[in-house]
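Fit chain W to the supplied structure of chain V, relying on the hints for placement.
Here is how the chains run, residue by residue.
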Amino acid sequence: MAAPKVVPKDAQVMTQILKDMGIAEYEPRVINQMLEFTYRYVTTIIEDAKIYSTHAKKSNVDADDVRLAIQCRMDQSFTSPPPRDFLLEVARQKNQTPLPLIKPYTGPRLPPDRYCLTAPNYRLKSLQKKVSSSAGRITVPRLSVGAMSSRPSTPTLGKGTPVSQSVTLTTKVGTPVSLSGQRFTVQIPSSQSSTVKSAMPSTPTVQNVLINPSLIGSKNILITTNMVSSQSSANESNALKRKHEDEDDYDTL
Amino acid sequence: MAAVQDGPIEPEPENEIKTEASNEFPGNPGDASGGVPPTAPVAAVATEKPAAAATDSTERQTLLAVLQFLKKSKLFESEEILRREAGLLNETGDSQGAAPGGAGLGGGGGAEPESGDASSVLSRVAGAVAVAQSANATPAPAKVAPVVTGGEDQPDVNVVLAAYSQQGDPVLYPVYYSGLKRFIDSVLDCHRAELSQVFYPLFVHMYLELVYNQYEKEAKAFFDKFHGDQECYYKDDLRILSGLTKSEHMKGNETLLDFRTSKFVLRISRDSYQLLKRHLQERQNNQIWNIIQEHLYIDIFDGMPRSKGQIDSMSGSLAGEAKREANKAKVFYGLLKEPEIEVPLDDEDEEAENEEGKPKKKKPKKDSTGSKSKKQDPNAPQQSRIPLPELKDSDKLDKIMNMKEATKRVRLGPESLPSICFYTFLNAYQGLTAVDFTDDSSLVAGGFADSTVRVWSVTPKKLRGVKTAGDLSLIDKDSDDVLERIMDEKTASESKNLYGHSGPVYGISFSPDRNYLLSCSEDATVRLWSLQTFTCLVGYKGHNYPVWDTQFSPYGYYFISGGHDRVARLWATDHYQPLRMFSGHLADVTCTRFHPNSNYVATGSADRTIRLWDVLNGNCVRIFTGHKGPIHCLAFSPNGKFLASGATDGRVLLWDIGHGLMIGELKGHTDTVYALKFSRDGEILASGSMDNTVRLWDTVKAFDDIETDDFTAATGHITLPENSQELLLGSYMTKSTPVIHLHFTRRNLLLGAGAYNP
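Protein sequences, first through last, are from chains V and W.
Each residue of the first sequence is one higher than the one before, counting from 1 in the working numbering.
Each residue of the second sequence is one higher than the one before, counting from 1 in the working numbering.
Calculated from the structure, these hints are not laboratory results.
Be careful, since some hints might not be right.
[To be verified] Straight line, CA to CA, 25 Å or less: simulated BS3-like cross-link-like pairs of lysine-lysine:
id, chain 1, residue 1, chain 2, residue 2
1, W, LYS396, W, LYS477
2, V, LYS103, W, LYS399
3, W, LYS462, W, LYS396
4, W, LYS462, W, LYS404
5, W, LYS541, W, LYS490
6, W, LYS277, W, LYS251
7, W, LYS330, V, LYS94
8, W, LYS235, V, LYS19
9, W, LYS181, W, LYS220
10, W, LYS328, V, LYS94
11, W, LYS246, V, LYS19
12, W, LYS337, W, LYS263
13, W, LYS251, W, LYS220
14, W, LYS235, W, LYS323
15, W, LYS337, V, LYS103
16, V, LYS94, W, LYS541
17, V, LYS19, W, LYS220
18, W, LYS396, V, LYS103
19, W, LYS337, W, LYS404
20, W, LYS462, W, LYS399
21, W, LYS462, W, LYS490
22, W, LYS217, V, LYS19
23, W, LYS328, V, LYS103
24, W, LYS235, W, LYS641
25, W, LYS225, W, LYS246
26, W, LYS225, V, LYS19
27, W, LYS408, W, LYS461
28, W, LYS477, W, LYS461
29, W, LYS337, W, LYS392
30, W, LYS181, W, LYS235
31, W, LYS541, V, LYS103
32, W, LYS235, W, LYS263
Owing to the predicted nature of the structure, the values given are computational and were not obtained by experimental measurement.
Here chain V stands alone, though its shape is the one from the complex (with noise of 0.2 Å):
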């Protein structure tokens, strides 16, 4: 148990290597990402090695499949910047243009919206409910977001809906959305509403709520907070919340 630690000789070796290139000073992990790097960097190439050669329907692996595979993962991974004669005609061609002139008083001074990145990165997909079922239900497009695991439930007292739901819009402070003329619904857990549930009538109430503005701009949402009080009710719900769980949780492109 206490002998002396021994340096495996891969180790070693790394170790004589940066002696030789003339390095002193090195992190102790530093042959550690050597070894590592050598290790895959040869398997890979003796993988590929083997693919080239059963490519080529030999039985064993020879030196021309090495050196193929050595080549390809040079020119993949291991790329060098251009030669210099490349360069130099690149750069006479481009220099030849003139500096184009500037506009004055144009604002921000950015390339086209294509090339920038401060387009918005989502899109909001509109979702016609079913007009059926109860009247009273408003049916309106609904901005599902996250997973809504809710079950059927049981009216049961003292049970609240098991409904875990992140309500985060995927709005962020500092993307204006531009969502003119959409009302869509936001599920909320209402967790305090289950312990009156049993109490309230069956049919759900809806609450209007004006939620931040900043938001989505100056127009109002409707916020429903459906009170999943009855079974049917809750079926219904269900299903049409289940629906939504496929459709709307990601935006499809």
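Just chain W now, kept in the frame of chain V:
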């Protein structure tokens, strides 16, 4: 084109012996040589003294190469016809330039095949095979086989002529080299220093040739024997070479490939050059002469040979020194005229821009930074030489602030040194890779190895982003302080993080109007961030390799970037592709800086040169050599005339841009110099280094000492005064914090930045 014979008697017996040898030589593929010798022996081996052949040697070489090719392809009749027409009667193939050379390999005394141009060419055509054969073959009495071609031959003659190819027996390279060494040791002292410049390029080229032709063992032996003789400042290069033993290694190394194809420039006085030339054109040294002709460019000047000190100060770069013509172009180093702006006495916002400088209002203070005379400075570029963005109102306000601050500026000098305020980045875990301050010193940004960029506010005022669109629509647009109202108070903070890069951030630059921040990274992009919304606006793609440095132009709108692909690019913020590409460096571009008049760009590189480029047409107008390590920082003096540079060798060099000369050398740092900054009026140069110190240098004195007489300007010789000690005004240590950035505030307070590194 008839072969000029010197000493006609001598070669003849040689020829006879040769033809016999060729006839008995067993390894000839085909009858190539069999058919030819009859015609050969008459004329001598091409022994025209290279002196005569200097000018038409290339034509001769081409002809001979063609002949050889014909012979190789067994087109004997065509070969005969061509030979007769060209008047070449000699079978020059016999004198295989290889071994026989100087080694005094006995064999018929004096039968040294004068390896003139012809033989060297043919040896090229023959390639290594011939030599291999000679090595394997019967130990011919030092008479090499006729050029038997086969094996690795070069298909294209032009390629042959241009390519690096076998020039001689690899075993004899050390002999040639030692011969040269002995010669140089024997010359007069005054010439020795200059001629010693030849050693390094010769050594490297010979070594690379051996490697390229796959003589690994010989290459190693050659290297081991002679690498210790080289100058100490080439140590890093030699270490890289030592790891390069196979020709496959060379393929990936662009820098070495460039080195092989470009000419190493040496500046030698005419007398020394004559000496060298005379010696090398004697018989046995023609190999070296060939290499010199092919790979070295000798810039001859008339005058006194330079001393070792002078040479040492200018040499060290990967491509030798700079040719004198390279530094002769006119450079407009003056500053652009500032537009005259009225500074109102009572601090009102209204001002009038008055180009003529004639005050029209009642006693306003005239701004003194505008040029007093209406005459154009002859050294300044035209105002419209390159298009520059117009001055917006906010810019004018900035300028006024600047001028007000300038009046309160501390005058620095040897008696009045600046105070230094050092910003230490804690808990950066060696990840701080770039720092920049805004011009008015209100913001500082740091780029980190974990690919984040962080902006801090130096003043108590917090950082605020613009409100979101919803909030913005609620504010009163007509109020006076609308610009404050659009800022979001709720998310105000001391620092903001900017995420977007996917690799360590190596360069940061604020725009002069404080609206934008640029950052460049190992992920090969340069990103433009808005400092009003603290989000990324654009990613400029162009370099496909890590970008090491970037900087905004002093007027905004343009910026430059330099990276691993050895080019520096000029961009404009509203073009997604670069406007100019500055290519010419042999190794990575590590530092890029704009000149104060925005018409020129200086780039420092890992090939140890600094180049000055013209923005208008992309030409390289100056090449400065002298550093012995990769250059990491550059600074232009505020008056635009001088450039200071710092490198891994710990020295700071001062350059006169107008004349293209080195005018000062500041020694003192013991480790890489990473930060350089001139004070606001240019009286003091501050340098910060990895050795945890900030040093202040007196530039007024340094620039006073220049003597630029005609001789200096013409030949580029400089004698640097050894006055680093006198110029050093102060040296300040930090607590184990390498200094990576320096900045003078508008009032000449020096700010420094670095990451604590215990």
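Each hint, compared with the structure:
no.	hint	in the structure
1	W:LYS396 - W:LYS477	23 Å, holds
2	V:LYS103 - W:LYS399	22 Å, holds
3	W:LYS462 - W:LYS396	24 Å, holds
4	W:LYS462 - W:LYS404	24 Å, holds
5	W:LYS541 - W:LYS490	35 Å, violated
6	W:LYS277 - W:LYS251	33 Å, violated
7	W:LYS330 - V:LYS94	22 Å, holds
8	W:LYS235 - V:LYS19	15 Å, holds
9	W:LYS181 - W:LYS220	19 Å, holds
10	W:LYS328 - V:LYS94	24 Å, holds
11	W:LYS246 - V:LYS19	20 Å, holds
12	W:LYS337 - W:LYS263	41 Å, violated
13	W:LYS251 - W:LYS220	19 Å, holds
14	W:LYS235 - W:LYS323	24 Å, holds
15	W:LYS337 - V:LYS103	21 Å, holds
16	V:LYS94 - W:LYS541	16 Å, holds
17	V:LYS19 - W:LYS220	18 Å, holds
18	W:LYS396 - V:LYS103	18 Å, holds
19	W:LYS337 - W:LYS404	18 Å, holds
20	W:LYS462 - W:LYS399	23 Å, holds
21	W:LYS462 - W:LYS490	11 Å, holds
22	W:LYS217 - V:LYS19	21 Å, holds
23	W:LYS328 - V:LYS103	35 Å, violated
24	W:LYS235 - W:LYS641	33 Å, violated
25	W:LYS225 - W:LYS246	18 Å, holds
26	W:LYS225 - V:LYS19	20 Å, holds
27	W:LYS408 - W:LYS461	22 Å, holds
28	W:LYS477 - W:LYS461	23 Å, holds
29	W:LYS337 - W:LYS392	17 Å, holds
30	W:LYS181 - W:LYS235	19 Å, holds
31	W:LYS541 - V:LYS103	24 Å, holds
32	W:LYS235 - W:LYS263	20 Å, holds
Violated hints for the displayed structure, listed by number in ascending order: 5, 6, 12, 23 and 24.
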